[in-house]
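2 protein chains.
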Amino acid sequence: MTETITKVLDRVNSPEDLKKLELKELQLLANEIRELIIKKVNTTGGHFGPNLGMVEATIALHYVFNSPVDKIVFDVSHQCYPHKILTGRKEGFTNPETYHKYTGYTAPEESDHDLFKVGHTSTSVSLATGLAKGRDLVGGKENVIAVIGDGSLTGGEALEGLNNASVLVSNIIIIVNDNDMSIAENQGGICNLLTELRKNNGDVKDNFFKALGFDYRYIDDGHNIVKLIDLFKSVKDTDHPVLVHMHTIKGKGFKPAETDKEPFHWIIPGTLDRLNEPSVPQTESYESITKDYILDKISEGEPIIAMNAATPGVFAWDKSFRDKLGSHYVDVGIAEQQAVAMASGIAKRGGKPILGLMSSFVQRTYDQLSQDLALNNTPATLLIFWGGIMGADATHLCTFDIPLISNIPNIVYLAPTCKEEYIRMLDWSVNQNEYSVAIRVPMVLTKSGIDDTTDYSQLNKYKLVEKGEKVAVIALGSFFQKGKEVCEMLKSNLGINATLINPRFITGIDKDLLESLKSNHSVVITLEDGELDGGFGEKISRFYGNSSVKVLNFGAAKEFSDRVSMEELYKRYHLNNEQIIDDIKNIL
Amino acid sequence: MTETITKVLDRVNSPEDLKKLELKELQLLANEIRELIIKKVNTTGGHFGPNLGMVEATIALHYVFNSPVDKIVFDVSHQCYPHKILTGRKEGFTNPETYHKYTGYTAPEESDHDLFKVGHTSTSVSLATGLAKGRDLVGGKENVIAVIGDGSLTGGEALEGLNNASVLVSNIIIIVNDNDMSIAENQGGICNLLTELRKNNGDVKDNFFKALGFDYRYIDDGHNIVKLIDLFKSVKDTDHPVLVHMHTIKGKGFKPAETDKEPFHWIIPGTLDRLNEPSVPQTESYESITKDYILDKISEGEPIIAMNAATPGVFAWDKSFRDKLGSHYVDVGIAEQQAVAMASGIAKRGGKPILGLMSSFVQRTYDQLSQDLALNNTPATLLIFWGGIMGADATHLCTFDIPLISNIPNIVYLAPTCKEEYIRMLDWSVNQNEYSVAIRVPMVLTKSGIDDTTDYSQLNKYKLVEKGEKVAVIALGSFFQKGKEVCEMLKSNLGINATLINPRFITGIDKDLLESLKSNHSVVITLEDGELDGGFGEKISRFYGNSSVKVLNFGAAKEFSDRVSMEELYKRYHLNNEQIIDDIKNIL
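First to last, the protein sequences are chains A and B. Sequential numbering from -7 applies to the first sequence in the numbering used here. Sequential numbering from -7 applies to the second sequence in the numbering used here.
Hints are computed from structural coordinates only; laboratory data are not their basis. It cannot be assumed that every hint is accurate.
Said to hold, decoys possible - When the alpha-carbon atoms are kept at most 25 Å apart in a straight line, the in silico SDA-like pairs for lysine to any residue are as follows:
1) B:LYS577 - B:PHE552
2) A:LYS510 - B:LYS191
3) A:LYS316 - B:VAL159
4) A:LYS510 - A:ASN452
5) A:LYS510 - B:ALA549
6) B:LYS563 - A:VAL422
7) A:LYS411 - A:VAL422
8) A:LYS439 - A:MET558
9) A:LYS503 - B:LEU486
10) B:LYS191 - A:VAL422
11) B:LYS563 - A:ASP504
12) B:LYS462 - A:LYS316
In this text, all values refer to a predicted model and were calculated from it rather than measured experimentally.
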């Protein structure tokens, strides 16, 4: 690609500089910013459509308001690139060498213009109510602004936030950035209402936002900087809750993204260079196996319902798959609480819900897992994807699902180690009626080549894979392969024939097997691809507390690591095989 | 009290019997049921106002609909007594000897008329969407009805549920039981809207429920059985989502409860016999200490904001206290997610939020604790009340807060053992700016008599209370007293001078102290008043895994115990001091 001309942006290093520009220069600035974002995100990967849709609005916001005195909270903050460019961080977009310097989300450690570290949706309004209340109590006068997308509005926290924001008796401005999309299609009554409002230029009989008590304003052309400035000026310094409903186009300025929004929500590096290449045929994966299983069972007449909360892409549930599912598909929108409770209701009524959730987003539904599901033992199947240690942003870590799920009574949380086990577990879960079941789907497909015939209704029976002595290695789920490698190294380096165990059940202890190890093992180690605190291994440590067996737990530390490489994390957590062997040697 | 005459009820053992009554007998039946509830709840304690408000509506529901084929889900189910009386369980109200036979909530194990075990609010609509979806997929035709109070409507899960329910293309009936109250005053824009609707007989310009897409019906007199029957008949077998907005009076039929609703939401045994007695002066408690602290600091000019989510009664934050707080008080309604996120926002803006939460309801806000609060290290103070083992209903257990909170990075979770420590911790938390802090407030006040001068900014420093040898007892928070007793028994029974440790920090390990114990201790025991799985003790077990020190963890099992007595639970969990001593003896 050619170099982007940044004639206007060259003069803008802060919102103050922006205010010095002439109005007609602002659209030029928008063009420059848009081009930078397209180029940068195509190089590094990242959120694409959401950022392109917010270029003009962000310019107008910073033109009118006085950040960081005025406080702008960006919901989920996957639309914050224009904001970063305008608030002193444009080098992260102009200079390929510093493309990776800044996170993809708002980050207070980068700039005073960022209020919170945010990466989960639907939080901005609630956070803003706090900023407003704090301001009022300490005697400030600034504007508090929450920018939230129509997709994020379907989340319970956002709705709780609106219910509270609308009755504040002071300044708060909610900007609903309505691009008629969630990550995939937006869902529910609110979505239909927004459509009605857009069709009628904001004027309908039953206005949800007015009903809540907001002073409601509508702007149809959310890419017209001059109009946006006028509108923002008219609500600036308001003494009561205002809600600006702003219609924008997701992916604005990049035609393929405007036309087909879903695949451009977030892109991987080089996506734009491959637009005209034929799509790569999908290879077998846990995702493809899951889809095949679901379609097979439906064709056999099973009342399966494939469910998710606005993230079908996480499981590769593309449009073609969803179309095939028809009434066997439910996307509840960004509403994980609803997803789990609805799954429980479906299971209660004889349906077979299979609910996909990304590990990091399971966090949004603890109480529903406990009360709506586990307490009622409704036989829903939850598939937890992406669980494990990864070099992600601190907002999207996937190390916490084991402590979260496995300490809730009743739920059976399973950890398959290969395709054959996964299919068997999935099939068992779908066909039983006694337990709420979650399955931690590994990232990388492995096959044992041997059909799994286990009866998983016999809970908490671990699989003794290799019977050895002295050292036992209990290797959970996606770390089973690592366990095998450690056993091989114990043999080759130390001459130890170690015992290898595949526990398969995260949520329980195989007391008989563990007890039997005491006689000829002095060390037991556990390996888990997740947080140690509150996790699987600690339960093994507790079990052996009354004995002379020594136990070492390997897994992730309790921390919000932030874009730390896997290599560094493995080293930090002593998860490299050599480190594990050393640690074992030290206590033998 | 005199015996209740149950002339009509004598003929009603099921909803079928109810349908045989003449319309004019139904109000007599309501009177009988109301009298039974008043007498029974005054004897056993329980939810009072909510049940009195639903007598007529429940009769009408069962008269019109065909339970258990038609499915009625009662939100939070603290209004289900009339339902229980009409569905084969009237002996739980007519016969004092079986007053305790049935739970205070819906319970599928008691009756096919109860769909779910429910005790947390705001879940009914989501569960009902599942029942409806399941029905449609397996080919049923029944009505699905969710009964939800106006207070419960402010919870995010309910709002997510409404967003999904309103777009179903089949039968679902939401009955909003609007009594203009949450547990205390209802809060927010939705509450104001409901008031407008009541004032205007359901006819307003901007109707929240119509905006979402519901076919909306209003009934002002929710105690007129004939009118209710007519309305329910008119929506029965609907082929689309209907929302019935029904105005009722909380506490209906018992004047003091109608007049002053909050204290009659839930009553303790004998409340009605003491109505004219002067109120007992409050004795010192953790609740009174907290209130005094907050008022003191506010009078000194501190920007403290006392916050809660619709349960001020849990902390004894009565009306007089709230009035004194004025703008320093926030009740967000039943909206724990909002509460935590708002607290984070307040702290970010320099306010000092002190958010009270009941242990069981912390479960409703995991992701906000993690993302909105801990990830941002905003210096909010959370007070967790009622944490510990208790003989409660399975829906209200308070054993899970330690595993839930303490495995989230960054949060400092403290466990005071006496008044002096509590005040010091609270004051430290309010005055620091580095950490998000939670404090587990014990139920029973104890005093050490010695001012605590600890600097809690030195994280994870345990307090060595008694230096001994052989056995070390690490006794957390409300179990510190038990730890002292165990040490005394170790001395008197076994002649062991045990080490006694008050860890104070739930969320971290004092490695130096624990390391130092290795030299002259062979056994370490941990005592915690909560679930063992994922809890505090397991972290100590993990620490000593590489050593020859034996560790025993004492605490609650991972289970949903249901109205099991404390005595039985202590026995079951080996928490009686004699059992603990025996267990120690066995491994010494």
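Hints, one by one, checked against the model:
no.	hint	verdict
1	B:LYS577 - B:PHE552	violated (30 Å)
2	A:LYS510 - B:LYS191	violated (73 Å)
3	A:LYS316 - B:VAL159	holds (21 Å)
4	A:LYS510 - A:ASN452	holds (18 Å)
5	A:LYS510 - B:ALA549	holds (23 Å)
6	B:LYS563 - A:VAL422	violated (37 Å)
7	A:LYS411 - A:VAL422	holds (16 Å)
8	A:LYS439 - A:MET558	holds (24 Å)
9	A:LYS503 - B:LEU486	violated (30 Å)
10	B:LYS191 - A:VAL422	violated (50 Å)
11	B:LYS563 - A:ASP504	holds (24 Å)
12	B:LYS462 - A:LYS316	violated (67 Å)
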